[in-house]
Amino acid sequence: MPCLHHWLDASVARAPGAVALTDPGRGEIGYGDLGHLTDRLRDRLAALGVGAGDRVGLYLSKSIDSVASIFGILKTGAAYTPVDPGSPPWRAAFILTDCDVRVAVVERAFVAALEAEAAKLGKTLRCLVLEEVGGGRGLAAALDAADRGGVAPVTPTADPGLDGLAYILYTSGSTGKPKGVMLTHRAATTFVDWCSEVFQPTAADVFSSHAPFHFDLSVHDIYVPLKHGARLVLIGEDLGKDPGRLAELAASERISIWYSTPSILSLLAQYGRLERHDYSALRHVLFAGEVFPVPRLRAIKALWRGPRYWNLYGPTETNVCTYYEIPDQVPEDRTDPYPIGWCCSHLRSRVVDLDGSILTGGEEGELVIAGPGIMSGYWNLPERNAAAFFTDPDGTPWYKTGDLVVEEPGGVYLFHGRRDRMVKRRGYRVELGEIEAALSGHPQVREAACVATAGPDGQVTIKAWLASRSGGRLSIIELKQFCMDRLPHYMVPDAFGFLDTLPRTSTDKTDLQALKALG
Amino acid sequence: MDQIIQPVKEYILSTYLKGEDPSALKDTTPLITGGILDSLGTLELVSFLEQRFGIQLEAHEVDAERLDTLQAIGSLVKSKTATV
Chain V
1 MPCLHHWLDA SVARAPGAVA LTDPGRGEIG YGDLGHLTDR LRDRLAALGV GAGDRVGLYL
61 SKSIDSVASI FGILKTGAAY TPVDPGSPPW RAAFILTDCD VRVAVVERAF VAALEAEAAK
121 LGKTLRCLVL EEVGGGRGLA AALDAADRGG VAPVTPTADP GLDGLAYILY TSGSTGKPKG
181 VMLTHRAATT FVDWCSEVFQ PTAADVFSSH APFHFDLSVH DIYVPLKHGA RLVLIGEDLG
241 KDPGRLAELA ASERISIWYS TPSILSLLAQ YGRLERHDYS ALRHVLFAGE VFPVPRLRAI
301 KALWRGPRYW NLYGPTETNV CTYYEIPDQV PEDRTDPYPI GWCCSHLRSR VVDLDGSILT
361 GGEEGELVIA GPGIMSGYWN LPERNAAAFF TDPDGTPWYK TGDLVVEEPG GVYLFHGRRD
421 RMVKRRGYRV ELGEIEAALS GHPQVREAAC VATAGPDGQV TIKAWLASRS GGRLSIIELK
481 QFCMDRLPHY MVPDAFGFLD TLPRTSTDKT DLQALKALG
Chain P
1 MDQIIQPVKE YILSTYLKGE DPSALKDTTP LITGGILDSL GTLELVSFLE QRFGIQLEAH
61 EVDAERLDTL QAIGSLVKSK TATV
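Protein chains in written order, with my numbering: chain V, 1 to 519; chain P, 1 to 84.
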């Protein structure tokens, strides 16, 4: 059975001249050239001692260079750990040192801050530095420069086997530190095969890559098109949040399979002036990451009328595990969000109560998932792993999603919320505990607690309640800057409130319900 | 310039900085890189500027550099209204 990178080589062999990746405004690369570039990185990394069982960090803006780096890493048999280029450097340093990468492929602009933050952790990182990225030229130049000190010997592409780790994606951690979700080639390829089965992609398709590579939506975006010899259009960080330019790009590149969060689709409907363009190439619109409020879904469907719409659901730990096709007509009076749907064919699902007993009568319970697509565990967090799974008498591990669902007749699941304090903000996963941990590090903050509320339009806002050491108010501008320096931008609270002390429950925990009631 | 900056300042204080001391928001306070405006907030600010000042901002004009401070916003709006 092939691993992820074997699919690329198969597509290279089938159609070396076909365009694999488009990096808008910066160039494109054909399958043959992409195969060659990834082979060169494989050889260089192997010369640096990278092989099966290792991790390699990826700290690059989205580009042909970053996709080629991913495949170069996989070809050594190692797993890649992508970090968010927009996150504070300490977080990148924490992640790359936490999973002990043998080498990190890093853009020059990030190197100094990364090394300084790693030094604070008492660690050093071995970096393969790309002076710039875009069009694949930065990676090629870095490899040329390294070759001047001695050409890297050709190393065969590794076969780590389906049980080999393919990537580690870090998500928000409730203790204040991100946690690494480990996924094997088996987990990734079974998911990609499921996508092939349901969406029937062909080499003629053009895919969007909107999600950043540290986000699990990217697994679909990168591997489905390259498996099928299709073309992938990379949407970088700045372009990705600009609905006007996104709207133009989706039309001019003739994108046929679009995948993003509902938030982005809402922005496109609201600000993209979509009526100006021709979207006749669009076949499928996939969305995931958060609930799509029905009025907003109706808005995008009214503007993009041709494609089929799919609600995909699943945490990073399982990737997509349930799916639901939105009917052609969304009734005018419907306000309830659509179901998260049916379990994907490569996985198994159950609804269980707190004791793990299976619920079959349509009661609310936790959704648990088994099958080849689930994670192997969290990197180096044995206690979290013990809590994340339960094992059937026959030895089958089930991942506990923490999501509360109800099974409707016919096996379709409705999403009812979370068991814990994880929230989704614009599709990003946010542990409120991570924000509280950061705020608690502020010299003037004595206590911090965050509450999230969803507005009538489904938009989630986060309010931080603080008790300061002086008992007075703190500058909100200064607090937001403090958060920006320590947290990813999507975790910065929308609002702040101040109290002399935070309310307590009878068991002496912060009374979050009382804080919610304060508004 | 104050005629431009003052209403923008009031808009940002009332929309994104509820409860903040108005004097803490300086003309040079970073709005986007300082975490006050996120990407959605930036789009909403652009809509506000277009409506309030009757201008049309093109995609290339609304980057973080041109909108990151009240001062920069003032210059951008002034350059647009001057050419109308």
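Hints are supplied without guarantee of correctness; some may be wrong.
To be verified - Here are some, though not all, of the chain V residues that point toward chain P, as calculated from beta-carbon distances under 8 Å:
#, residue
1, K241
2, G244
3, R245
4, V492
5, F496
As the list claims (entries may be wrong) - In the SDA-like style, the derived pairs of lysine to any residue whose C-alpha atoms are separated by at most 20 Å in a straight line are:
#, chain 1, residue 1, chain 2, residue 2
6, P, K18, V, G361
7, V, K241, P, H60
8, P, K9, V, R126
9, P, K26, V, S506
10, V, K463, P, G19
11, P, K18, V, D500
12, P, K18, V, K241
13, V, K241, P, T81
14, V, K241, P, K9
15, P, K78, V, T453
16, P, K9, V, A495
17, V, K241, P, T33
18, V, K241, P, K26
Hint data in this document are derived by calculation from the structure and do not stem from the laboratory. We put the CB at the ideal spot given by N, CA and C, even for glycine.
Index of numbered hints that the structure contradicts, given in increasing order: 6, 8, 9, 12, 13, 14, 15, 18
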